[in-house]
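Colleague: Sequence:
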Amino acid sequence: MDKLQAMALFVKIAEQGSLTAAANALGKSLPSVVRMLASLEESLQVRLFNRTTRRIALTEEGRFYLERCRKILAEIEESEVALCQSQVEPHGTITLTAPIRFGEMYVAPSVARFLEQYRRVRINLLLLDRVVNLLDEGIDLAVRIAHLEDSSLIAKPVGEIRQVVCATPSLLAASDGAPRHPEQLSDLPCVRCTSISSSPLWHFNDSGKRLDVQISGAFMCNQVRAAVDACVAGLGFGLFFNYQVMPWVECGDLEIVLRDFEPAPLPLSLVYPHTRLMATRVRTLVDWLDRDLKHSLANWGGVIP
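Counted from 1, the sequence shown has number 122 at position 122 by UniProt numbering; the numbering is strictly sequential.
Note that these hints are calculated values from the structure, not bench results. Remember, it's a predicted structure, so these values are computed and weren't measured experimentally. Glycine included, every Cβ here is placed at the ideal spot set by N, Cα and C. Possibly wrong hints are sitting among the right ones.
Said to hold, decoys possible - In silico DSS-like links for lysine-lysine, alpha-carbon gap of 25 Å or less:
#, residue 1, residue 2
1, Lys156, Lys294
2, Lys12, Lys71
3, Lys28, Lys71
4, Lys28, Lys12
5, Lys3, Lys71
6, Lys3, Lys28
Unchecked claim - Label pairs and their calculated CB-CB ranges:
#, residue 1, residue 2, range
7, Glu116, Asn24, 50 to 56 Å
8, Ile76, Arg119, 26 to 32 Å
9, Thr280, Pro169, 46 to 52 Å
10, Arg259, Arg119, 42 to 48 Å
11, Arg259, Ser195, 21 to 27 Å
12, Glu137, Ala38, 43 to 49 Å
Take these sequences, add in the hints, and give me the full structure.
Modeller: Structure follows, in structure tokens:
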């Protein structure tokens with residue numbers, strides 16, 4: 001038995017003065033009303049109404065219980081109204097996670113702009129290159145560059161991120177120009193970023209078929225920025241997400257090569273546990289990041305759905 005529902009039913013019977021009138025007011029059948037009242041009285045071990053064939057009247061215990069029920073139901077209603085009103089203006093704390101480099105370059109600046117507009121919100125931004133369990137670690141929202149495997153989560157597509165191979169103009173000149181096929185990379189120096197690919201195999205798309213190329217080089221690092229710096233310094237060809245190298249591509253320090261062999265882009269998504277009963281602050285941030293990150297995608301050549 002739903003105790004709150006039974007209490008509301010009891011109050012309605014007392015106000016209507018009859019079981020039939022209460023049933024009609026609540027849109028329930030008379031037998032269901034009778035059964036629920038009987039269950040309530042049995043659980044309380046008291047009689048709430050004296051019933052005759054013509055009328056019902058509250059017992060002393062019923063009058064006492066009616067006062068308490070009205071107070072409890074009123075407090076619940078007031079709490080719900082207050083909660084709804086408080087959700088009109090976003091407030092409270094949001095825990096957000098994003099990949100380290102993408103978070104530094106795009107998410108953190110977007111969050112700063114968000115907080116300038118929504119002064120009552122607090123955001124805890126966790127920059128991590130590992131995939132976190134949102135439910136286990138208490139995360140409200142994640143920015144992910146990957147295919148979503150957990151079907152219990154909701155993913156809002158923002159766009160797609162290309163994986164590109166790049167090198168300095170001087171290295172390309174020393175290598176007799178840009179490579180025409182990915183297999184040429186096996187004979188060229190390469191910079192490995194293990195946070196992007198832990199394997200010395202780089203994956204490409206060759207006429208719709210996957211092509212794996214063994215690469216080697218003098219520099220390997222687990223942090224994107226250091227690997228990009230090594231690539232800019234001319235230590236080798238690098239495989240990166242396009243946003244990670246776009247500032248250097250735009251100024252001419254790096255050139256993208258092997259465009260026709262790029263692997264399929266990875267989805268950029270906003271991931272959260274559910275949409276039902278989502279706090280207004282989280283929903284507002286989701287909409288904000290969706291707009292802001294799509295604008296960033298347009299600026300550095302990402303793919304927008």
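Colleague: Hints first: check each against the structure and report whether it holds.
Modeller: These are the hints, each one checked on the structure:
With a CA separation close to 12 Å, the supplied pair Lys156 and Lys294 stays within the 25 Å bound. Annotation: proposed proximity of Lys12 to Lys71 holds, straight-line Cα distance about 14 Å (limit 25 Å). Restraint check: the Cα-Cα separation between Lys28 and Lys71 comes to about 24 Å, which is no more than 25 Å; the hinted pair holds. The hinted pair formed by Lys28 and Lys12 meets the criterion: a straight-line CA distance of about 12 Å does not exceed 25 Å.
Straight-line distance between C-alpha atoms of Lys3 and Lys71 comes to about 15 Å, which keeps the hinted pair within the 25 Å bound. Between Lys3 and Lys28, the direct Cα distance comes to roughly 17 Å. Compliance with the 25 Å bound is thereby established for this hinted pair. For the pair Glu116 and Asn24, the supplied restraint of 50 to 56 Å holds, since their beta-carbon distance comes to about 54 Å. For the pair Ile76 and Arg119, the supplied restraint of 26 to 32 Å holds, since their beta-carbon distance comes to about 30 Å.
At about 50 Å, the CB distance of Thr280 to Pro169 agrees with the hint of 46 to 52 Å. Take Arg259 and Arg119: their Cβ atoms lie about 45 Å apart, and the range 42 to 48 Å holds. Roughly 23 Å separates the CB atoms of Arg259 and Ser195, a value that falls within the hinted 21 to 27 Å. In this structure the hint that Glu137 and Ala38 lie 43 to 49 Å apart at CB holds, the actual value being about 47 Å.
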